[in-house]
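S.K.: Sequence:
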Amino acid sequence: MLSYNTRYTMLEMAAAIRGDAQPCWLIRSYMYDEQLAYHRVVRDNGVRTLDEIEAPGLLATRIERVRPAIAAAGDGSIALRAEDAVLHGDGLWFYGRAQIGGVQGIDRRWASEAIGNWTSVDDAPSWSFDVARASEYDVLIRQAEADGPGSDYVVAVGDQELRGTVPRTTGWRDFVTTRLGMVTLAPGLHSVWVRATAKRGAYVMNLRGLTLVPRAPDSIEGHR
Numbered sequence: 001m002l003s004y005n006t007r008y009t010m011l012e013m014a015a016a017i018r019g020d021a022q023p024c025w026l027i028r029s030y031m032y033d034e035q036l037a038y039h040r041v042v043r044d045n046g047v048r049t050l051d052e053i054e055a056p057g058l059l060a061t062r063i064e065r066v067r068p069a070i071a072a073a074g075d076g077s078i079a080l081r082a083e084d085a086v087l088h089g090d091g092l093w094f095y096g097r098a099q100i101g102g103v104q105g106i107d108r109r110w111a112s113e114a115i116g117n118w119t120s121v122d123d124a125p126s127w128s129f130d131v132a133r134a135s136e137y138d139v140l141i142r143q144a145e146a147d148g149p150g151s152d153y154v155v156a157v158g159d160q161e162l163r164g165t166v167p168r169t170t171g172w173r174d175f176v177t178t179r180l181g182m183v184t185l186a187p188g189l190h191s192v193w194v195r196a197t198a199k200r201g202a203y204v205m206n207l208r209g210l211t212l213v214p215r216a217p218d219s220i221e222g223h224r
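Numbering follows our numbering, in which position 87 of the sequence shown is assigned residue number 87; successive positions increment by one, without gaps.
What the hints contain is simulated information worked out from the structure, not anything from laboratory work. Keep in mind the model is a prediction, meaning the values are calculated, not measured. The beta carbon of each residue, even a glycine, is placed where N, CA and C say it ideally should be. Careful: at least some of the hints might be erroneous.
As the list claims (entries may be wrong) - Beta-carbon label-pair distances, calculated as ranges:
1) M182 <-> D130: 18 to 26 Å
2) D130 <-> R179: 17 to 25 Å
3) V121 <-> R215: 29 to 37 Å
Sequences and hints are given; from them, build the entire structure.
M.R.: What follows is the structure, given as structure tokens:
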């Protein structure tokens, strides 16, 4: 029996939810069966993720994760990591060490700390972040080919778009950093999406994340 609004960790609910353990996981339930059958994902505004769990003996259970906006580091850069992304679509998956370790029969070497299984151009990751001061930002992407190079994608921050193509790497775990261009951001909350526009091979790419670096002399070198 679970009490209403009980907080649990990822390890305790590994069979039901994907993503790393965060204190913002909120579980609402009156009764559940540990043998969870399946879950349906409902998303609201690309920020809030609701997983409705259905299983034998399960009554009125919902797992809700509200992802807080990502804040800038001390140097003004904004790190948008794969593990913090909201994943839109049924195929995308975050291959983290904690997640792979909790899935029986999955080789731990698959834990690339990246978003993978990107099989559809309709799927996309997104992040919400907070800008403290107006600035121009260089946009860096950390990526690896998943099934060969050549997939095209766009990184959209509001109405600003930067286009890129997945480069050739030595494998799906060989990540490289590419500067895509620059965006201008005002103070406040923003969201960024990475959308595939053309897929070459079975997968778009493996994505470790984005970094937004405020324009300043030598500010990019430290993030390569």
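S.K.: Each hint: holds or not?
M.R.: Evaluation of the provided hints:
no., hint, in the structure
1, M182 <-> D130: 18 to 26 Å, "19 Å, holds"
2, D130 <-> R179: 17 to 25 Å, "23 Å, holds"
3, V121 <-> R215: 29 to 37 Å, "31 Å, holds"
Of the numbered hints listed earlier, not one is contradicted by the structure.
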